[in-house]
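Enquirer: Sequence:
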Amino acid sequence: MNNYKIALRVEIMSGICGFNRENKNLLKLMLGSIKHRGLDDEGLYLDTDLSIGIRIALLKSSTSKQPIHNENEDISLVCDGEIYNYLELKTDLEKKGHNINTDISSEIIIHAYEEWGEECFDKFRGVFSLCLYDSRKHLLILARDHIGIRTLYYYFDGEIFIFGSEIKCLFHHNIKREIYKEGFSQYLSLRYVPFDKTLFKGIKRVPNSSYLKFDLKTKQLEIKRYWDFRIKVNKEKSEAQFIQELKNLIINSVKVRLVKDMPIGAFLSSGIDSSLVVGVLSSLIDKPIKTFSVRFEEGAPVNETKLAQIVAERNGTDHTELLIKSDIVDVIPNISWYNDDLFADAAIIPLYLMGKQAKEHLNLVFTGDGADEVFAGYSVYYRGQYIKYPKFLPRTVINLSKKFNNYIPFQRFRMGINYLDCTKSLYDQYMRGIFIISDLEKNNVIPYKAQKVELLIRKTFQKDLDVINQFTKWDLKYQLPSQYNVKVDRALSAASLTGRIPLLDRDIVAWSLTIPSNLKLKGNIEKYILRMAMKDYVPSEIIKRKKLGFSTPINLWLNKGLREISGDLLDRLSKRIKLIKPKYVKFIKKRRLNRLFESQAWSLIMFELWYETFIENDGLNPINLY
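Take the position in the sequence shown, starting the count at 1, then add 54; the result is the number in this note's numbering.
Do not rely on the hints blindly, as some may be mistaken.
Mimicking DSBU-like on lysine-lysine, the simulated pairs with C-alpha atoms at most 30 Å apart in a straight line are [said to hold, decoys possible]:
{"hint": "1", "residue 1": "K576", "residue 2": "K598"}
{"hint": "2", "residue 1": "K258", "residue 2": "K278"}
{"hint": "3", "residue 1": "K267", "residue 2": "K89"}
These are computed hints drawn from the structure, not numbers from a lab.
Predicted, not measured: the structure shown is a model, and the values here were computed from it.
Please work from the sequences and hints to get the whole structure.
Expert: Put into structure tokens, the structure is as follows:
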């Protein structure tokens with residue numbers, strides 16, 4: 055194997071935190087809440103007006119550790135992540151006179167900051183959430199990687215500034231835990247809170263591809279973006295050129311994430327994304343890699359194990375299949391605690407359980423996440439083309455129905471009107487595809503004025519983009535770092551496992567912004583260019599199949615293992631009359647076993663669990679359900 059990044063010490067999943075005063079005991083309490091992110095080591099740095107720390111896990115050991123300091127010890131760093139272009143930057147910086155003293159890739163960040171200042175972050179190819187302390191300027195800098203693969207949160211009330219890799223560690227400061235009501239409205243629509251906000255009032259995310267500067271003396275805070283998702287289609291290249299370039303980019307992305315002589319694993323479903331990652335990994339490594347997949351008990355809507363087995367056999371992997379039953383009552387309180395930045399994606403449960411299974415064998419696992427957002431893989435991009443606006447139904451009927459929507463007594467009829475109203479254009483069809491509850495219906499759900507979430511999304515649109523690239527940009531810039539990346543971060547860190555996500559490499563994402571839409575979605579073939587580029591690494595049965603998505607059997611769970619507790623949780627939620635209308639909760643409770651309402655039911659159940667964990671209780675530990 056050539057071009058490997060060979061390191062004596064490799065950091066994997068870590069967690070960082072800190073605040074703007076000196077208190078060692080408080081810092082250690084914060085670190086204790088994120089110990090699962092780094093089981094091997096702990097590092098602290100304290101100054102008169104600062105405490106920062108890190109929990110860290112190691113693949114290989116050495117004498118170097120974090121926090122890292124420069125030669126003068128006036129710049130310090132804690133970093134959750136790794137810089138994959140470490141050797142390239144190291145060579146460049148050493149030519150400029152910098153002495154790189156350790157074998158840790160994160161050390162490059164300090165020297166890059168010394169050399170290029172705040173412009174350094176755009177030079178990093180990697181995943182990171184970091185805190186730099188520049189004691190010369192009394193400046194604290196937080197930064198998050200281009201795609202937002204690692205998470206980072208902060209709280210600032212004008213005096214107290216706190217940050218952490220996970221929200222739960224912030225609560226050791228006894229800050230007031232309140233619901234951000236606009237965020238709750240957004241959550242009901244999308245199953246997550248987008249942009250830089252969370253469900254907690256006053257607690258925000260550091261945006262992806264951005265850095266936050268906090269002046270410890272003046273207590274001034276500002277956020278700047280160091281990179282953006284600018285779509286500029288290249289019309290000069292041929293389809294063949296694009297295909298070959300993508301093939302090379304993916305192979306290189308997998309390569310730079312490998313660690314020599316370490317056991318490698320991969321999560322494997324029956325989809326093209328995980329299959330191609332396994333195929334490329336197997337072509338680069340002499341020994342069989344370990345692969346892991348899940349199988350749900352009989353009655354689940356989709357069984358992908360046969361196709362996953364085909365991929366495993368083709369690549370000669372050491373394959374493990376995990377059976378997940380519907381009795382997951384003991385799992386969901388822990389999931390709720392880990393999932394402090396709430397999103398209602400039930401796939402976190404099999405991902406977490408698969409992570410725990412993989413952790414018994416290794417510390418590092420590859421996943422195929424991100425390809426759907428990068429290459430237009432979601433069915434909402436094309437399925438609306440089959441559903442045309444019903445011309446036989448006069449527009450005046452729809453408009454009148456919308457006007458008197460709140461007075462229509464039949465929920466299903468209101469839902470039907472909303473559905474028909476969202477078939478007028480591709481934009482409307484996309485909104486219908488991503489919304490769980492429409493803005494129109496929201497007035498029947500929450501007891502306060504509903505925020506129009508659709509308008510917030512439309513404000514992000516770039517006027518000169520076609521529909522496919524428009525939604526691809528939304529997915530990449532907002533949905534990935536607010537929902538799907540959080541899911542992977544929380545599930546794997548809960549299992550103390552590090553994930554490598556080669557399809558979300560900075561270079562692949564930046565390059566993808568130059569692809570014509572018809573190479574992402576060609577007719578009804580989603581991820582067309584990815585299929586063509588990877589056909590030598592993926593069985594034809596998978597290349598040719600239509601996307602099914604990772605189908606989590608929510609309906610099966612609600613009908614079996616979660617039937618009783620789901621009803622109890624909805625009963626509890628119905629009493630929170632300042633947040634949600636009891637009539638709506640009772641409606642969903644009555645129909646929660648119906649597949650048509652499973653998404654709404656799951657969103658409400660997960661919210662109630664989250665509320666009891668973090669609002670009614672202190673959020674420092676999982677709750678007991680009974």
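Enquirer: Tell me the hint numbers this structure goes against, listed in increasing order.
Expert: none
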